[in-house]
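The primary structure of each chain is shown beneath.
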Amino acid sequence: MSRTNLWSALARSSLATLALAACGSPASPPAAPPVASPAASAPAPLSAPDFRAKAPEGGPEVVFQPPKIQEAHLPNGLRILVVERHELPIISLVLSIDRGADQAGPGIGSFTGTMLAQGTKTRSALKISDEAHRFGGTLGAGIDPDLSYVSAKCLSAKLPEAMALVTDVALNPAFSSAEVERQRSLRLTSLAQINDSPQALLSKTLLAIMYPPGHPYATLSVGTEESIKKLTGAELVKFHAAQFRPDHATMSFAGDITMADAVALTTRSLAAWRGKAADAPHPGAGPLTPAAGEARITLVDRPGATQSHVAIALPGAPRKNPDYEALLVMNSILGGKFSSRLNLNLREKHAYTYGATSSFDFRQGPGPFIASSAVVRESTGAALHEALAEVDRITRELVTNEELEETKTQLIRALPARFETTSDTAFTLASLSSFGLPLDEFATRPARIRKVTKDDVKRVAALYLVPERIRIVVVGDASKVTPQLTALGIGEVNANVKVEPKAADAKPAPVTRAPPTKAK
Amino acid sequence: MAMRSSHANANEALESQLALWPRVATGAKIAVAAAVAIGATLSTVPPAFAAPATPASPATPVSESPPLQVDLPFEKVTLENGLEVILHEDHRTPVVSVCVWYHVGSKDEAPHRNGFAHLFEHMMFQGSKNVAEDTYFKYLEQAGASGVNGSTSSDRTNYYETVPANQLALALWLESDRMGSLLDHANEETFASQRNVVKNERRQNYENAPYGLVRQFINSAIYPENHPYHRLTIGSAEDLDAARLEDVKGFFRRYYVPNNATLVVAGDIDRASAKALIDKYFGTIARGADAKPVTSPEVVVLKQETRLDVEADVELARLQITWATPQGFAPGDADLDGVADVLTSGKSSRLYKRLVYDLQIAQDVSAHQGSGFLASTFDVSVTLKKGKSPAQALTIVDEEIAKLVKTPPTNDEVERARIGALTGLIFPLESVSARAERLNSYNQFAHDPGFLKRDIARYENLTPATVQKAAATYLPKGARIVTVVTPTKGAPRAGRLLGGGT
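Chains as they are written, first to last, in our numbering: chain A, 1 to 520; chain B, 521 to 1022.
20 Å max Cα-Cα, derived EDC-like pairs, lysine to aspartate or glutamate:
hint, chain 1, residue 1, chain 2, residue 2
1, A, LYS54, B, ASP704
2, B, LYS658, A, GLU405
3, A, LYS54, B, ASP654
4, B, LYS649, A, GLU57
5, B, LYS658, A, GLU57
6, A, LYS320, A, ASP361
7, A, LYS127, B, ASP878
8, B, LYS873, B, GLU919
9, B, LYS906, A, GLU181
10, A, LYS68, A, GLU441
11, B, LYS658, A, GLU403
12, B, LYS769, B, ASP704
13, A, LYS229, A, GLU181
14, A, LYS349, A, GLU403
15, B, LYS1009, A, ASP477
16, A, LYS454, A, ASP392
17, A, LYS54, B, GLU653
18, B, LYS908, A, ASP196
19, A, LYS276, A, GLU235
20, A, LYS349, B, GLU708
21, A, LYS68, A, GLU420
22, A, LYS229, B, GLU835
23, B, LYS906, B, ASP833
The following residues of chain A were derived to be distant from chain B, with all beta-carbon distances above 10 Å:
hint, residue
24, THR258
25, ALA264
26, HIS385
27, VAL466
28, SER479
Hints in this document: simulated from the structure, not taken from any laboratory. Glycine residues also receive a C-beta, built at the ideal position from the N, C-alpha and C atoms.
Between the sequences and the hints, there should be enough to build the whole structure, so can you do that?
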């Protein structure tokens, strides 16, 4: 019978019902006869070489119009953000909190995020799963370093059911001990599986060596074996209660809903929510440079591996940063796209790898900057040498005019696609709110990108990619790659790293407040 | 279903199509720390929610509620040179997706050239007569493309880019130049380089990946030596080494002809001017001889249960049970999606609830109808917790399938599965690139770009009886491959097959 409701509601919702396009004409039969091609029949051969010789110019520039974001507040402090898109009967909703896992010890945030959907005061874990399955939507719940969220995507007709589930899961998780133990067991097993994945070992190792012990970014979000074994349900309850409060919450909707309906629904569902969230200091960087005598290269041995996973890493930059756009441009040129320097060098020029990339994980504090690749064992040293040279070069030499202009153009022109789906749009709203960015962030970003100069690129590269702070991690066959690493001439190789942080690390986050930076 | 994402295990997902390069996450939160480490079961979104589930149906007649009305309008024309062109107009976002399918995949490879179709795909990005080496991506990046890649599966090879609406001509120029004149550029140097890139891809995703070669062992066991699916798309290192530039030329001349390709242009277009541009860029490419790719379904009949014992240096044992099932869109295909859903989609699904939730002997379980153009497999995969017994898991899987064979699933189970399947079909169509891909997929696999309505009907028409019948017909105990991966120190992480696989 839920089927009847769902599909009959669907059938009622205009547009025949889900016309997926605005083009009104009916589909032509697939067996349409071959159509004479004018170009083929017209005598084009003479001009043919000409028009193929050069890339065609684009048509008139598509002017980027970011979607209109509407805003309201409830008296309890909860913020409502809405982007209306009525072409399809689909709605994405996200209830988010503007802080996350960086407010607790290793693994607590991520564990809490998973527990949200493992039962509430009135719904069992199985019932939550069944209800979500039945309204045809997806339900997500999680806690990232900076953002906690519960989300759903549903057909418009099913919004009440989706909203009821999202709010119950976010506000009333039960944290039953049976479910806590289930998740604890799954998490401990996942931690063991890290040993199977060179990529996961690489991430785990580099976080542990680039952030000081106890720093909230020093472990994978799943935490450590030690932290998962000893954390208690009470800690999860406490963490949830301290963070999930309306004065730090945003309810975002994108899709087939009006502002008035969004406000009315949110008021019915969340106006009675009360309380004030705990203070939320954001992580600072901690000591950035390796201590005297610390080895710069850490090697995790994988006997027999025919490929080495390598990374050049250091603490990066916080999201709220006057250099944000310059960093986007710089990273894109260095390793953020296919035609980046790292990929063209390591993949296209030397064929050491399937791909080489770099990225800044922009968070409230300085999230990791990582340049990484999986390279053929015999060329581990050579590939690292090339990657280090590329990092060094962008800090010392100006990029070319061509690189700068191409990259800026790309970053600006790719903006519309960011809002193609309702779920991308709703999470973009949640993210704006989480970082405290203005609602016209995307309207004003093209102008900020246009202002970035070659000097800016070099300046931010030198400012953030400081050679003295760089750590190198290699996951590979020690017997084969150690001589190659030693030959790099950047010091000894630490092959006995103990990456599992000590028990003492499993305490609340350090409270170095990030230096205040002005939002752009 | 080939058409929809489904929670196949990692190896299957990888094998179903090989991308030209690993995409970089841009803009979105890069969960370096989180995502990498946490297995599927532990992701914040449980498998049941993350994967569009499969379908099932009511005991009550479908006619009780109005059928779902969904439309994916298109116009299809065929140029004189045989190129099929499918246009889809949609103005919601000012972008256009261009998606070319060549109707050739690893199923069409010559003997001792396993992996070649995919290696060839890489060559298509290296330049053509008027597009210089390593500039293909540069043109598109500068144009603001939001998705550029290519991928090869056993059945087809695709190339796609989504660009701002004013850059359609650029995308058509690039695609037509390599369709018309790849061989004016291809050379020994770039071929040798891409061969190494592909070998690195193989090292990364197969040779050094946990359980990385298990799928190859299964395919070799289930498909006879001469079956087009006997070997995986990624190929073998020896065959990749054996490939020559001459092979590139031969493959291009035979398969990369306009009369073996379909071009979809979808998004913010004016159809008349799009057609004029397509005529200009593609209409002048010469038709080739008929490509004659393999298209006949090849039925595989297993006559017994075969056991594969694999040793791998991994933390957790894995049990995988594989049946030979009907090809994509054939009768039974959608019903098997229903079976998969009832078994493993959602926490109260039968196998998830018993193995993961109640007994807690498994870390993860998935069931999946992996639909192919010529043949399919249905796989149940159980990753056990440390020290837990694959034999116990096998007993439970057998019990649950036997129950399903004996008694139809409940209306509620089939109802959930149906809704999951239908939203799984429809939600992705928000994205114009997904629509372009879907049109191409329906065109090749179902011989009708307008198949969406019938695809929906396949799932609307499921009933507890059809789901039960599919389980009874296609998942017999006595005709299947049972693979057990045992954690073994010193074995390859990708796995090694014991005893030659009989």
